[in-house]
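**Q** Listed below, chain by chain, are the residues.
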Amino acid sequence: MRREISHPTSKCLGINATDGSSCPACDLLLASCLANFFSSSSHVCGHGRRQRRMKVTLVSRSGREVIKGGIELADEATVNDLQEAIHARIKKYYPSRQRLTLPFLAGSKGKPTVLIPKNKLADYCDGNTNNLTVVFKDLGVQVSYSTLFFWEYLGPLIIYPICYYFPVYKYFGYEGERVVYPVQTYALYYWCFHYFKRIMETFFIHRFSHATSPLSNVFRNCAYYWTFGTYIAYHVNHPLYTPVSDLQMKIGFTFGLICQISNLYCHLILRNLRSPSGNGGYQIPGGFLFNIVTCANYTTEIYQWLGFNIATQTIAGYVFLVVATLIMTNWALAKHRRLKKLFDGKEGRPRYPRRWVILPPFI
Amino acid sequence: MAGFLSALRRIYLSLYNWTVFIGWFQVLYFAVKALREGGPTTVYDAVEKPLQLAQTAAVLEILHGIVGLVRSPVSATLPQIGSRLFLVWGILWSIPETRTHVLVSSLVISWSITEIIRYSFFGMKEALGFAPSWLLWLRYSTFLILYPTGITSEVGLIYVALPFIKASEKYCIRMPNKWNFTFDYFYASIIALAIYVPGSPHMYGYMLGQRKKALSKSKTA
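As you go down the protein sequences, you meet chains F and Y in turn.
Using our numbering, the first residue of the first sequence is number 1, and each one after it goes up by one.
Using our numbering, the first residue of the second sequence is number 1001, and each one after it goes up by one.
Extracted from the complex, chain F is given alone in its bound form (with noise of 0.2 Å):
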């Protein structure tokens, strides 16, 4: 451990430290130096020499100085430890709520240089080493991936069963008794074991490359799966609803249920690809549908809700399916796109099999 530590009568500051290494202002092997003032377990440096330090130098995207003087480091300090000291500057900004970056050269391609919290911040520096510039960016309130995720799943486990259980619909102007097909109440077991499923793998299984989203995720994620909720419960459970033939409605939730069991299986697969230690970082996916699509987790989820749609047969739920597919389609491209960057076979890194992105034969 180094530690910083002012000498009383001499004008060098003193560098006390027990893990053998060597002074960066003397080069001689700590342990072999005079000790003035500490046991044989630290050292003094007796030199009139300061030991290096950097200056971090933190402005916002727009120039402008977060903090006024910049901040000084050990020049062995992690990036960890610049976000420490901003935050200990800034009470607000904790960690996982900023963003630095290297400055962006204009007209440069690509994007800016993320800086990654277990890195020094000298491998950031190029030639003059005691000066660093870091762009920040604020990005606001976070939470937590489970949080998010228990919020957003909540509204379809409470609403549904609300429109199969309570009398809702006479609010709407359908008095009077209602009767309930086998299919609506297969579909309720169906949904409500899918958002179950959804919560359990949320706080169980899932390891996110991030440990924070911004709250703003929140309100837009909930009003996302709320409303759709709502819009197919709705449906489904009217007085009015029509169902499907027998032999429709089981091959719907048959299919349904084995993509539904397989997107589980992909999301353990998924899990142990990663670290507990939980630093995020991308590996090749393998095994099972892996093998052939990046996405297998998305793919099995699309599935999943067409054998839902194929059993119940509401265009509410079809407009769900597509706006989905949609959004995961998004999600899979720019992924797979990552990990064909990251895995371009190169300097001894494997290369990316060819592979469907996420819906074969499609794309």
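Just so you know, the hints here were simulated from the structure itself, not pulled from any lab data.
The model shown is predicted, which means the values in this text are computed figures rather than measured ones.
Each hint should be verified, as a subset may be incorrect.
Here are the computed lysine-lysine pairs in the DSS-like style, where the Cα-Cα straight-line distance is at most 25 Å [what the hints assert, rightly or not]:
hint, chain 1, residue 1, chain 2, residue 2
1, Y, Lys1166, F, Lys170
2, Y, Lys1178, F, Lys250
3, Y, Lys1219, F, Lys170
Given the structure of chain F, go ahead and fit chain Y onto it with the hints provided.
**A** The following block gives chain Y in isolation, referenced to the frame of chain F:
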């Protein structure tokens, strides 16, 4: 070949912009004429045909954006054209009881002045390669008044139409049906009204930003 195509593009866009300009000019002319001769209740009948033509032609602009003929983002033009078509066909044409309302006058006058400026601005740029600075100023300043008057007229007319929509059951699809589908035009119109609440400040703010960019750029140019 590339030069030929870009010349073709310019000719096409010049023709398009000036043709629609004439359409909106007619709308304004007939509207003012009707106001002076017969009063607000006669405005709609006088402008109906050029209004429907000029506004519906704007659908081509979405196409222009998609194929890349123009730079405008589809995400900005789609809500604008959507609300215009909803008013012209979904409210005024579908619900005749709204046609004699005084808000029709403020609506078509707000729209036509804005569009006359906008189409002549683009028409000049495509045909002559530049647009005079007073036209640029008009394009990025008149919205300050015309957006509020136009939006108020749109919202007002939708609101006026609501009881008639409910009573007529127009465009409604009821259950039971094979696809378990329902559509209620009354509730859809209310949702459209609700969209104006966040939508209007968003559009106005967007135009304010565009104004700042355009007018400061012309100062330094």
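**Q** Which numbered hints turn out to be false for this structure?
**A** 3
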